[in-house]
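Chemist: Below, each chain spelled out in residue letters.
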Amino acid sequence: MIGGAAALMLLGLGRIAGVSGLAARAVGLADAGPPPVLAIAFILGLPLGGWLMAQALGGVSLHFPPNIATLLIAGLVVGFGTRLGSGCTSGHGVCGMSRFSRRSISATLIFMASGVVTVAVMNLMGLS
Amino acid sequence: MKQTLLALLAGALFGAGLALSGMSDPAKVRGFLDIFGAWNPTLMFVMGGALIPMGIAWRIQAKLRTPLAAERFNLPDTTKLDTKLIGGAVLFGIGWGVAGLCPGPAITDLALAPRSAFVFVLAMLAGMGLFRIITSRSTPANEVKAPGAIGK
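Listed in order, the protein sequences are those of chains A and B.
Under my numbering, read the first sequence as residues 1 to 128, first letter to last.
Under my numbering, read the second sequence as residues 1 to 152, first letter to last.
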């Protein structure tokens, strides 16, 4: 479904389904990108589709970090990092890797490694 | 209108896929990243599964002159590896590991766990705003001084 959605964006609209870029575009934080209305439509579609799927499945189980500070810090770093690195799991990981883009393959390997190290360090420090 | 509906449909399909696959669960994502601990590799198949239709889509794209519902393809053409890409990916990975959330699942979760997801998404947009402020300040002076360059 995720790959199908990204394929629909590419073949239908000629755009990369990169969530970080589209989110920034939707709220006016990016100069480049599709017309804002398209970015807004895609971004609104995410929770809509998630909600419909949760209804169909009779609920999905989610476990968030309980600490608000954790969410705030992580959110800030994810927002800044995805803009600096021009993409996240969807844009680099799904769209770019399947295009065999050198930049996207490098970015994906780096953020995966960085995430693995972060979780390992947090476990060692007893933070999770 | 057709384009807007198509974008909405793509977003909904994407969000549904995230909810179905478990990518929307931060604990499951952290479990996927925890390869030295209680590793849960199932999300690797989600990523692999997404790469297959996209790989086919790129093959089709190479044969098309225009997209099916737009005038032209607007695709990134940069190939250079630079410090921005590397630094951004390192930072993103840290945030991803800390909370188990990347942008797609976080926005999808606004409908599934509104309170926590809202805090994360708000902070994420603040981080994007911070990046914009910093990069607009570091614009070369001659560009800023050029007449009419102020504003958009």
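Each hint should be verified, as a subset may be incorrect.
Pairwise CB distance ranges (calculated) [what the hints assert, rightly or not]: (1) B/Lys63 - A/Pro66: 46 to 52 Å; (2) A/Ile68 - B/Ala62: 45 to 51 Å; (3) B/Thr66 - A/Asn67: 46 to 52 Å.
No lab work stands behind these hints: they were computed from the structure.
The structure presented is a predicted model; accordingly, all values stated were derived computationally and were not measured.
For every residue, glycine included, the Cβ atom is placed at its ideal position computed from N, Cα and C.
Chemist: Is the distance from the Cβ of threonine 66 of chain B to the Cβ of asparagine 67 of chain A consistent with 46 to 52 Å?
Modeler: 49 Å, holds
Chemist: CB of lysine 63 of chain B to CB of proline 66 of chain A, is that within 46 to 52 Å?
Modeler: 50 Å, holds
Chemist: Given a hinted range of 45 to 51 Å, is it respected by the beta-carbon distance of isoleucine 68 of chain A and alanine 62 of chain B?
Modeler: Check passed, 46 Å falls within 45 to 51 Å.
Violated hints are absent here; each numbered hint is respected by the structure.
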